[in-house]
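Trainee: Given the sequences, and given the hints that come with them, work out the whole structure.
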Amino acid sequence: MRNHHRRAFFAAGLIALLTVVGTVVVTPAASAATVQPGVPYVLVNGHSGKALDVYNLATGDGAAINQYTRNDGAWQQWRFLDSGGGWYRVQSVHSGKVLDLPTTADGIQLVQNSDRNDARQQFRLADSAGGHIRLINRNSGKALDVWEWSTADGARVSQYQDLDGANQQWQLVALGASPGTFTNPIKRNGPDPWLQYHNGYYYLATTTWNSTITMRRSATLAGLATATDQVIFNLAGRPNGCCNMWAPEFHLINGRWYFYYTAGQNVADFNPTQRLHVLESAGTDPMGPYTFKADLGSEWALDASVLRVGANLYLMGTYNAGGSYGQSNFIQRLSNPWTLTGSRSRLSSPTLSWERQTHPVNEGPEPLYHNGRVMVVYSASACWGPDYKLGLLTLTGTDPLNPAHWTKHPTPVFQRSDANGVYAPGHNGFFKSPDGTEDWIVYHANDSAGGGCDMNRSTRAQKFTWNADGTPNFGSPARLGVALTAPSGE
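Under UniProt numbering, the sequence shown is numbered contiguously, ending at residue 490.
Worth flagging that the hints you see were computed from the coordinates, not collected in a lab.
Take these hints with a grain of salt, some might be off.
[Stated by the list, open to error] Computed cross-link-like contacts, SDA-like style, restricted to lysine to any residue with a CA-CA straight-line distance of at most 25 Å:
hint, residue 1, residue 2
1, 408, 476
2, 432, 217
3, 432, 463
4, 432, 473
5, 463, 197
Mentor: Structure below.
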């Protein structure tokens with residue numbers, strides 16, 4: 001282990017040895033060098049060969065960030081947290097703090113601070129020769145720089161005008177998932193995920209918030225993180241379902257895939273126009289081709305899913321039940337995968353205190369089956385608050401259309417983990433491991449308590465087990481960047 005009492009390196013003055021000659025250096029966004037958000041990286045300086053390091057293993061705000069001989073300890077591991085628009089916060093695996101440049105001055109000491117997600121803490125990657133990158137600060141427009149070209153352990157890392165010198169160049173060394181493992185997130189900017197394993201591949205669709213429906217596939221769960229989203233259907237031109245595509249799901253029924261989604265009109269106040277719709281595949285490929293099959297109802301509704309009880313199909317979703325019920329889950333018979341029949345029944349409403357945090361909500365009902373038991377896992381409380389979570393219903397009677405035949409679990413079954421830095425976990429789905437022996441949950445969550453109900457939510461997955469009473473045991477949502485064992489049979 002390295003010496004915990006290394007003497008700090010302080011420069012007597014801020015002496016700029018480099019001068020700018022000619023025109024200003026332009027720093028386009030990185031195209032060759034990219035990062036996978038959540039995966040830990042070591043950043044090795046191109047001049048000194050030393051690693052970016054939390055000095056003296058500090059965990060507090062304001063602690064210095066210097067360079068030190070590479071040892072790959074947690075104090076030299078960094079995760080990139082997506083701030084949108086090509087900007088990232090760079091988070092220490094050791095302290096949980098993020099890189100921060102307190103001013104715009106040349107030579108200012110790089111430090112760590114609690115995550116505020118402001119311009120002082122945001123960086124973009126710019127390409128350099130040999131696959132290196134520079135880290136350009138959003139607030140100052142300057143590059144991270146090993147001050148005075150030092151090669152010493154403990155030398156200060158600061159900022160200086162972007163000159164693309166070797167002391168401003170950093171090699172990204174990924175310490176991500178080993179073979180047979182994966183790290184969350186499996187898709188950055190992937191809210192409302194639905195994932196299925198079929199014929200050797202994982203297929204993942206998420207909210208796009210535009211007029212396209214996309215899907216990505218991979219032979220491994222880890223591979224989904226870098227797989228390409230392919231457009232499988234374009235909604236442009238549809239009269240009441242062109243835009244704001246939410247909450248996609250695809251179900252294999254009688255040899256064809258039926259793709260359910262929410263979409264509405266292209267209007268500023270999108271909420272009143274959102275409706276449920278369904279596509280039908282030409283064959284057994286989850287990626288289609290698809291044709292439009294039907295609109296499912298003419299009233300505001302969200303989050304369609306399909307429940308199977310015996311030989312019967314039911315559409316579940318979210319609607320405004322009115323009165324004291326508010327935003328609730330509904331259930332209605334399907335005579336086939338695209339045709340509703342009979343009347344709609346209320347499945348669940350936000351009646352318990354933990355379903356009413358920030359705002360009373362029940363939404364996103366999802367089917368779960370185990371040992372003959374029929375269950376529905378749903379999302380509760382406001383998606384724009386940190387306490388969005390999962391609840392559980394169990395069919396304890398014989399009629400799925402009768403609310404009295406469902407029993408609501410009195411406590412949440414999956415919720416935020418402050419210890420793991422996971423907030424608002426919800427809108428889930430379920431899938432089996434490739435060999436069929438394991439049960440897995442896919443869900444979205446935020447990286448901070450201040451995260452919203454937007455495209456910054458990321459897709460995550462983890463294995464779950466079963467309690468003795470037959471209910472699911474989801475455990476706690478896993479921390480980003482932690483290596484998890486891949487599903488059995490990969």
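Trainee: Hint by hint, say whether it matches the structure.
Mentor: Tested hints:
1. Only pairs whose Cα atoms come within 25 Å are accepted, and residue 408 paired with residue 476 is accepted, the gap being roughly 20 Å.
2. Proposed proximity of residue 432 and residue 217 is supported: the alpha carbons are some 15 Å apart, at most 25 Å.
3. With a C-alpha separation of about 9 Å, the suggested pairing of residue 432 with residue 463 holds against the 25 Å cut-off.
4. With a C-alpha separation of about 15 Å, the suggested pair residue 432 and residue 473 falls inside the 25 Å cut-off, and the hint holds.
5. The straight-line distance between the Cα atoms of residue 463 and residue 197 is roughly 14 Å, inside the 25 Å bound, and the hint therefore holds.
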